[in-house]
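K.L.:
Below, each chain spelled out in residue letters.
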Amino acid sequence: MKDIGFITSGDGAQLQCYRDYQAYLDAELYLRTLDKVDLTGFRAIVVPDFSNQDLLRRHARQLNDYLAGGGFLIVFEPNRMDEWLDVVEVQWFSRETEDWKWWMRPGGRMEAYQPRPEHSMARAIPLADMCWHFFGAFRLPPTATPILNLDNDEGCLLYDQAVAGGGRLIASTIDPHTHHGRRFMPATTRFLNGFYPWLKREVQNHG
Amino acid sequence: MADRVLRHDGRRPHLLYLRSTRSYNRDRIGGLVPQDWRYSAADVYDLETIDLAEVDVVMLSGMADQIFLKSIEAKLVDYLAGGGHFLLNGHILLPFLPCLSPFRAVPPKPFTNWMIRPAQPGAYFGRMDFENFHRHEGILGQYARGFSDAPAGAQWLCLIGGPGPDGTVLEGPVDWVWRMPGGGKVFMHNGDHIEQFCSDPRQQPNLFHDILNALVFSDEPPAAPAEGRP
Chain A
1 MKDIGFITSG DGAQLQCYRD YQAYLDAELY LRTLDKVDLT GFRAIVVPDF SNQDLLRRHA
61 RQLNDYLAGG GFLIVFEPNR MDEWLDVVEV QWFSRETEDW KWWMRPGGRM EAYQPRPEHS
121 MARAIPLADM CWHFFGAFRL PPTATPILNL DNDEGCLLYD QAVAGGGRLI ASTIDPHTHH
181 GRRFMPATTR FLNGFYPWLK REVQNHG
Chain B
1 MADRVLRHDG RRPHLLYLRS TRSYNRDRIG GLVPQDWRYS AADVYDLETI DLAEVDVVML
61 SGMADQIFLK SIEAKLVDYL AGGGHFLLNG HILLPFLPCL SPFRAVPPKP FTNWMIRPAQ
121 PGAYFGRMDF ENFHRHEGIL GQYARGFSDA PAGAQWLCLI GGPGPDGTVL EGPVDWVWRM
181 PGGGKVFMHN GDHIEQFCSD PRQQPNLFHD ILNALVFSDE PPAAPAEGRP
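Protein sequence lines correspond, in order, to chains A and B.
Just so you know, we're using the numbering used here here: the first sequence kicks off at 1 and counts up by one.
Just so you know, we're using the numbering used here here: the second sequence kicks off at 1 and counts up by one.
Extracted from the complex, chain A is given alone in its bound form (with noise of 0.2 Å):
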C-alpha cells in the first residue's frame, strides 16, 4: 500500500505543489480520471484547495467511498466538501476574514487560536503558519477534535475527525496549496513545510 495521494485538477498552482512535495507523496492523481485510480491503494488522500468542484461532485461517491471504508481523506476549502460528503456530516458556513490585510497592521493577527495544542497536528505546525485567510468556517462535529478555531469559538477553520469504519477526515477551510503554488505567502509554505512531514510521519504511524 501507498502512503499518499495527491489529486490534482491540474492548475498550475496544484502541479507546483506536487513537484515540491513529492518526496512525501506518492502519486498525483487526476482528478479528471480519477475513476480509473483505486484509491484504496492509498492510506491517506489530499484534495487540495481550490479543486475543480464540479469534477469533485462528479467523482464524489468514490471518495465517500474511500472515507466510509477505512480512509484518510483531507480535504481543504473552497471545495463545498458539505455538498458532497455524505459519509459524515459537514456543515460549512460562509464567514470573511475579518481584515485579509491583517499582517500588514503592526501586532496583527487573524482571528483565530488553537484550541488543541496537544494535537499533533498543532505541536508540528506553529499558530503562524496556520494564518493568513481562511474561506468560511465549520460548524465543530461533536466527535471531532478542532486543530484552529476562530476566535471565541465561532466556528472552525481546521478539524480532525474519526469515521465510522475506521475512517479519518481532516476538514480545513484555509488555501495553502493555492497561495504556495503561486508562490505569494510565506505563511502558507510554511504550513506545507510543516503539514506533509507531519502527514507523513501520521500515515506511517498509523498504518
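Hints in this document: simulated from the structure, not taken from any laboratory.
Misleading hints may appear alongside valid ones.
As the list claims (entries may be wrong) - Okay, derived cross-link-like pairs now, DSSO-like style, lysine-lysine, Cα gap no bigger than 30 Å in a straight line:
#, chain 1, residue 1, chain 2, residue 2
1, A, 36, B, 75
2, A, 200, A, 2
3, B, 75, A, 2
4, A, 200, A, 36
5, A, 36, A, 2
6, A, 101, B, 109
7, A, 36, B, 70
Based on these hints, arrange chain B on the given structure of chain A.
P.N.:
Just chain B, lined up with the frame of chain A:
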C-alpha cells in the same frame, strides 16, 4: 482551417472565455470585454470539441487545467496557426503550446523585485502608470511573482525581478506577446489574472481593453520580428 482574416468579420472581434471552476472573475469577464465585441463563455473542457472558426481571442484563466490543455495541444496549435489569438494567464508548469516555457519565480526580496517595469509596452501597456497599475489595494506581488522565458521574436512588454540574496540577478518578462510566423499571437501574463488590474470598464485608460485591441488590431509584434529585443 478557415482563413483567420475574417474571424472578426471586420466588425466585431469575438472573445471566447474558458471558465474553470473557481476561476477568479469567472462571472465578471462578460462585463470587462468591450461591449462592442462579441463575447461567449464555455467550460474549459469544452475546448476539446468547440468550433473555434469564429473566435478571434481564446482567453484562459490562471486556474485552467494544464494537463487537459496539454492533451489538446495539436488543436491549440492549429487555432494559432490559423490566425487565432490567445490571452493566457497563470503559472505554466506544463507548456501546452510550443511557444510556452515553465514559470520562473523571482526572488521576493527586496520587495522592489516585484515592481513591474516597462520593457516595450507598446499598445498593450503603453498607457499604464507603472508606479501603480499593478498594485492591488497597494500590495505588490498580487500581480505576479515571476516570469516565463519568451520565444524568439517575442515582444517583451513588462519586466519583473532583480537581485536575489546572493546578488544574482533574475529578471525576465512577466508579460510578453509573440506572433506565430504566419499565424496569430499569444499574450502571456505570468500572474494569476490580468483582468484584475486597471480593467474595470469604469477605469480609463483600461488595460484589458488595450490588451485586447492590441492583440487583434495592432501590428505588434511585427509579422517579421525585428532584430534584437530588450
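K.L.:
May I ask which of the numbered hints given earlier this structure violates, with the numbers listed in increasing order?
P.N.:
Of the numbered hints given earlier, the structure breaks just one, which is hint 3.
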